[in-house]
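> Residue numbers (our numbering), protein chains in the order written: chain A, 11 to 206; chain B, 11 to 206.
A couple of the hints might just be wrong.
Calculated cross-link-like contacts (lysine-lysine; reagent style BS3-like; alpha-carbon spacing at most 25 Å) [said to hold, decoys possible]:
1) A:K68 to B:K68
2) A:K68 to B:K194
3) B:K68 to A:K194
Computed footprint of chain B on chain A, listed as stretches where at least three residues anywhere in the stretch have a Cβ under 8 Å from a Cβ of chain B [stated by the list, open to error]:
4) 51-64
5) 67-81
6) 183-189
Example chain A residues on the side facing chain B (calculated, C-beta under 10 Å, incomplete) [as the list claims (entries may be wrong)]:
7) M107
8) Q111
9) P138
10) P142
11) V158
12) A160
These are computed hints drawn from the structure, not numbers from a lab. All values derive from a computational prediction rather than experimental measurement. Beta carbons are placed, not taken as given, at the ideal position from N, Cα and C, and that holds for glycine.
Residues per chain, in single letters:
2 protein chains.
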Amino acid sequence: MSGQQTIAAGTGVGLRLKRGEQLRVIDPEGGQSGDLLAFSLDGSERFSNGRTFDYDGKIYVSTGDVLWSNLSNPMLTIICDEVGRHDMLYAACTLEMYRIQYGVTGYHANCHDNLCTALRSVGVEPHPLPTPFNFFMNVEVAAGGRLVFAPPPSRAGDSIVLRAEMDLAIALSACPASTCNGGKTPGPLAYEMMGG
Amino acid sequence: MSGQQTIAAGTGVGLRLKRGEQLRVIDPEGGQSGDLLAFSLDGSERFSNGRTFDYDGKIYVSTGDVLWSNLSNPMLTIICDEVGRHDMLYAACTLEMYRIQYGVTGYHANCHDNLCTALRSVGVEPHPLPTPFNFFMNVEVAAGGRLVFAPPPSRAGDSIVLRAEMDLAIALSACPASTCNGGKTPGPLAYEMMGG
Chain A
11 MSGQQTIAAG TGVGLRLKRG EQLRVIDPEG GQSGDLLAFS LDGSERFSNG RTFDYDGKIY
71 VSTGDVLWSN LSNPMLTIIC DEVGRHDMLY AACTLEMYRI QYGVTGYHAN CHDNLCTALR
131 SVGVEPHPLP TPFNFFMNVE VAAGGRLVFA PPPSRAGDSI VLRAEMDLAI ALSACPASTC
191 NGGKTPGPLA YEMMGG
Chain B
11 MSGQQTIAAG TGVGLRLKRG EQLRVIDPEG GQSGDLLAFS LDGSERFSNG RTFDYDGKIY
71 VSTGDVLWSN LSNPMLTIIC DEVGRHDMLY AACTLEMYRI QYGVTGYHAN CHDNLCTALR
131 SVGVEPHPLP TPFNFFMNVE VAAGGRLVFA PPPSRAGDSI VLRAEMDLAI ALSACPASTC
191 NGGKTPGPLA YEMMGG
């Protein structure tokens, strides 16, 4: 695969990335966040925000920082970051979340289902889904630990580039929650894979 | 079971708590943190820090706050908290962590193994282990999201009381990492179960 692929608003995609290959994730219109999850190809190892907090020593990561697995291995290194703000606190949005927080009664697209479907499409059973790397999502920790959403700081065309440190199954979801996207109608994302 | 039970330094324990029952966790000597995990009895539902951040709207919880499951159900409510500082960011310490961060070459007691063994003792297969509720563990989010350890603020005899909101399998571990315990030799914890 080469060239830029679009992820339609509110949908997800699964892909495989070999060690050394790079993944660029782009916000084509600006102000849009998304979720990324990484698993080893056999599903036995998975992204861990808790291990990443531990080894990186911080809750916000950017260029040069590593996303770690639950088995304490580097999965991805951020090698270029034009946005500089990402979240690793929030679990992926789920249907239950839309019901509890927004009063949604029918179905609503959600990152949990998008990521699960995407991972299964590349051969990984993800349940129970770990907390994703929520790129471009802008969450501030205010006084007393209170969490405050701000609009994603990504401008149209901004991107983040991650290098695979092992062979990976990756899922991406263009987040369908307007709360995470500055109140606007959720938009698309795009990505491209680049050789190592 | 009634009366106070000791959890020896660096070890864990599994127990079952019926809906409405209360669990008091005590720091008998002061300055000691521990890890708690809760699962539904059949293992299908588990504590989720990410959902708890979302519904409670903060990273620090205390009296009146709820610990939520990955399926968006209340698992435990904090009904009394004499300490007022707990962490939900850090994954349980693992053998790999002691190797990477402390250069340990042999075995080292760790909360991950303690919690897994404890949960299996009450019939739950926990793998992959979610991030625990790290009670009395004192982690500050400093400028730029940097994470800073401070000693647990618990004084000798201080406790936290949690009420079960569903039938639960619970694991407790007296954390064997001196970093999480103000640099001192890790000590014991204690607990008691109280009728609803």
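> Now look at each hint and say whether the structure bears it out.
These are the hints, each one checked on the structure:
no.	hint	verdict
1	A:K68 to B:K68	17 Å, holds
2	A:K68 to B:K194	24 Å, holds
3	B:K68 to A:K194	24 Å, holds
4	51-64	holds (count 7)
5	67-81	holds (count 6)
6	183-189	violated (count 0)
7	M107	6 Å, holds
8	Q111	8 Å, holds
9	P138	6 Å, holds
10	P142	9 Å, holds
11	V158	9 Å, holds
12	A160	14 Å, violated
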